[in-house]
Structure formats: C-alpha cells, structure tokens
Amino acid sequence: MTAIEIDGLGKEYGDLTALDGLDLSVETGEVYGFLGPNGAGKSTTINLLLGFLDPSSGSATVLGHDIERESRALRRRIGVLPEAFSPYERLTAREHVKYAADLKDVAVDPDALLDRVGLTEDAWDRSAGGFSTGMEQRLALACALVGDPEVLILDEPSSGLDPRGMAKLRELIREEAADGTTVFFSSHILSEVEAVCDRIGILVDGDLVAEGTIDELRDGTETHSPLDVRVDAVPEGFDLTDLDGVAAMSVEDSTLSALVTDAGAKIEVIRRVDQVAEIRDVISEPASLEALFDRYANGDSAAEGMVDADGSSDDADGSTEEADAGSPEVTA
Amino acid sequence: MSQTLTVARNDFRDVRRSKLLWGVMGIYVAFTALILYAEGTASEPDLATALFNQVFLTTLLLPLIAIAGSYLAIAGERESNTVAFLLSQPTSRAAVVTGKFLSRSLLIVGSLLVAFVVGGLIGVVMYPSLELGVSGTFIVLTVVFVGAYVGPSVAISAATDTRSRAIAGAVGFYVLTDVLIVFENFSLVNAVRFLLAETLGLELGQHFYEFVHNLTPAGSYLNATYLIFDPANYLPIEPLGVIPFYLKPWFSVVILLAWTVVPLAIGYWRFRGAELG
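Protein sequences, first through last, are from chains A and B.
Each residue of the first sequence is one higher than the one before, starting from 40 at the first, in our numbering.
Each residue of the second sequence is one higher than the one before, starting from 289 at the first, in our numbering.
Honestly, the hints are just simulated from the structure, not real lab data.
Ideal Cβ placement from N, Cα and C applies to all residues, glycine included.
A couple of the hints might just be wrong.
Claimed, not checked - A few chain A positions that, by computed beta-carbon distances, are all more than 12 angstroms from chain B:
(1) D54
(2) R114
(3) G168
(4) C182
(5) G186
(6) M205
(7) A217
(8) G251
(9) D267
(10) A272
(11) E317
To be verified - The following label-pair restraints were derived from C-beta to C-beta distances:
(12) A:Y52 <-> B:A485: 42 to 50 angstroms
(13) B:F482 <-> A:N77: 54 to 62 angstroms
(14) A:N77 <-> B:T450: 20 to 28 angstroms
(15) B:V402 <-> A:D164: 22 to 30 angstroms
(16) A:D283 <-> B:E563: 49 to 57 angstroms
As the list claims (entries may be wrong) - Some chain A residues flagged as far from chain B (calculated, every beta-carbon gap over 12 angstroms):
(17) E44
(18) G49
(19) D62
(20) S82
(21) I85
(22) L89
(23) S110
(24) V119
(25) D141
(26) D194
(27) R209
(28) A216
(29) D244
(30) V270
(31) P274
(32) D320
Please build the complete structure, drawing on both the sequences and the hints.
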C-alpha cells in the first residue's frame, strides 16, 4: 500500500522552478526522510501536499486522496507539523491542542499529548506567545499527533530543538512508526534522518538526486572514499589523478585529499606522496553517506570538480572537510 | 457549521485577550458617555437630541473601531504563519472567513453593548425617559452598521497576505465610503455629480445622487436613521417627501446587509484561491 504517491509534481513561480517534476512514493508504515539543503524544494513539496500551493504540473495523492480535489478529507487523516510553525500568541498550549482536535472533530486528551512531546506541565496553561522555539516545536508536534493520524508529515521538526528534544523527537517517530504510522519527515541535517528513517530521498534544486535505504545509499558511495594525507609541503603541480582508482584530488594548505574509487589505490597514493614529501599523517575515511549528501548538498559543481580531478577546486576541498565533521549542516 | 463556530470561538478567545483592542473600543464607550452626559446637563435634557449627536459620532468612529478589530483577522494569520496551523487541520477556508467574521462582529458588538449599558445608566439618572422605541431602534440599526464594516474588513483581510496591505485596504475603504461621504463639502457624491452633470452634461436628477449616497454604508446608515427619528416630532430632520423605494429607510437597511455579505463572499473567493507560504 502506498501512503504518499507523488507523480511528476512541479511548481513554478514565473521563471523560477521550485520543484521539477518530482516522482516519489512512500509505503504505508514507512519512515521516509526527505533530505536536502534549505531551498531545495522540501517545503514546497509539503505545502503542495497540504493544498497550501497549487501544483504547476503533475499530481499527488495521500492515502488515496487527491491533493487538489480532496484536500480536506486528506488533512482529516494526517497530522502535520508545518514549516515555521507559529502559535497563537494569546492561546495556551492546552487550547492549541484542543483547537486542533475540534477542527479535526476528534476527542483528545491534551495533557497526555503535551506530556508525550515533553512540554513541561507548568507551560500547559501558559500563553504560547512566551514560548521558546523549542517549546513551540514541541507544541506543534503535539498538535500534529492529535487524532492519532495515519500519516505524519513533519517539516523540519527538529528546528529549534535542543539535543534532548531531538532524542525525544526520534523516540516519538519510532513509537509512531511501530504503531503503523507512516512518517514523512523533512530535514537538512543528515544525521537526524539517518537515525530514524527506513528510506531517504535527497532533494536538490527541486530534483530528487538520490533515493534508497541507508544501506543502498552507502553502497552507492563506497566507490568514493576520501583519503587525506598531511605532509610538510605539497610540491607545485603534483598530480595523482593519472593513478588508476583515483577519481579526484585536491590540495588545501599542507593536506592533500584524494577521492579513491578502489581501496587498493590508497597504498599507491601514499607511496607516491612519500616520494615527494614528508608524510605527517594519513586519514582514511570510510565511505560515507555524509560525503555523498554533502556532495549533493553543496551543488553538482563541487561534486563535478572532484570527479574532474580539478586539483585547485576549493569547493571540492570544502566538501571533503565538511564530510569529516560528521553531520554536515548545509545552508544553500 | 461546527468548524465555523470552532474558528469563531478560538479566534474570539485569542483576540479578546488583546489589550490594545480593548483600549480602542474603550474610546467609543467614553464618547458615548460624554455625549449623553453633556446633553444630560441641559435644563431639559432630550434623549433624541443626544442620540442624534451619537449617530454622527457613530458614523465616523464605529467604522474605525470595526476596522481596528478585524483588519488582521486573516491577513495577520498569514503574516505570522499561524494560518499554517489552522489550515493543516481539515479546516475549510469558508469556515475561516465566516468564523472570523462571527468572532470579530461579536467583539465589536460586545463593546457597543458596554457603551449602551453605560449610556443607559446615564439616561436613567439624567433623562426624563429612556425612550425605548427610539433608543432601541438606534441600537439595532447600529449593530447592523457594525456588520457593514466588519464584513468588508474581514473580506479585505482574507484577500491580502500582509498586515500592511490589509490596513491600507481597510483604511482606504473607510475613507472612500465614510469620510468622503459624511462631509458634504468634500463628498464623493458631489465629485460624481461634477463629473456627470458639469463635465458630461448628463441630467440625472436629484434622486440619482441621493441613491449614490445611499449606496455607501455610511450613507445608508444615515438614511436609515429616519427609522429612529420621526421627522414629525424631531425638527432637525427634514421630512422625506415622496421618494422612490431605493431611497426609503428600509432599503438602506437592505444595503447595509448587502455590505456585510457581498464583500465577504468576494473575500472568501479570493482566499479560496490563494496560495500560502
């Protein structure tokens, strides 16, 4: 069964293409991570699903309901944490949950929901105008959970959450998934999505550039693992790309970074460098999804820079560095 | 229907906690008290005279209060993005427009009632009679008048996506349909007369221009006050004479109701097709 089916969905604003014929499907009970840098079209996609925007082309269904013709029936069966959720300043947390329940025409126990999302009891009867971003986000999550929806659509749910809030969010998503709820979850931070999602789609510039399970995506990246060699000085014009199994090379200060497509080529790279410079350190990274995401998130030009073995490309350099950081946070 | 009431209830709950709004509405209460008190100190206080002054004050002030109380109803939600919460639920946009209209009307009418209670107390103490026939008609007519400005304000709010556009639209509507109608010296009706009669040489007759005046909410409210004050008993008002139906006071009430409903329908139509976010 398909919970969300997106067929060639596109959105244009004049000359600007926000979403370019997106095809995507999410199975019932699946946790789908919708990953991409800011401005990639994630919120546009979600706003199209919710009927906030009208598609320029294509179509989509959620739980079998057409997004354009059956928007209300669709929204009755889903829970939404919208982009940039903003509460009513003069309504309390309890009143928000009650409001959502009344609009959905379902019964609700506001206290249980607010407790579940980790909003402390002293905030339940306070006006939401005084809430921190993290508290607002918890409140939004509580409102999304009203009526035990079959599909949860969460647009950047982690924004404004502290590490504890994030752990709570992940726990909640796991609980909901265990309960059979389909979760569609957008984020620009890979590590968040990776931890809870069954499948990930990476959206860049309105295009789905990669999709699959974490393992599938990792397999796809294994062929490109980064190798950094720190030396005293890199000789001018030094080039490794003539070696078999080296896809790209770049230099920053005294660190030489190579993207190796065959693990066996690593030792050859080190030998070659050893002949011309004094090696201080060798860092060999496992093939990483971070590197892949980072490559996409930083734009195709950077990725191409690496593959073309354009040694002077700063972009390519930057992307390898960010990959080392573990959880690249991208603003594109 | 129940969604309309849900939106209305929660919007009312939200907006009644706005202190600024209560301050604005306090002005009407204060002016009402002032007018009734001033006439009350006369040697023979006459409630009809006080209400006559009150009608003039109401024509100018009440639309402003209605606008202040409703121009942000929907545009404010779009600017602050609370609308994302509202429409993430299975809320119909019609329920948003009607619910907002209900709650904002209730808010303004509520403050009117406070003014009338205060006025009534002054009336009991200072005037020989409350003249319930006259004052009762005034109250009903004024409540209808509230709708003729809350309707368009909510409609403009539904058709705009920012606070600044909503206020510009609502104030523009106020100036065109109220300020430039009430004061005869620079009235839009005279401008129309100048254009049609002087420039184009059309002979359309006095009734036509009175009808144009009557077509505006402020003009129709003023014309409907013939229902309050009987020219036979109350000298400042000229007798109506023989007039076509479209200048009769009851028709002015119809026009006021149309000003409530028609703009709302247009505002809903615009909001229904609007893209958010």
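*Check each numbered hint from earlier against the structure, then list the numbers of those it violates in ascending order.*
Hints 2, 3, 4, 5, 20, 21, 22, 23, 24, 25, 26 not satisfied by this model.
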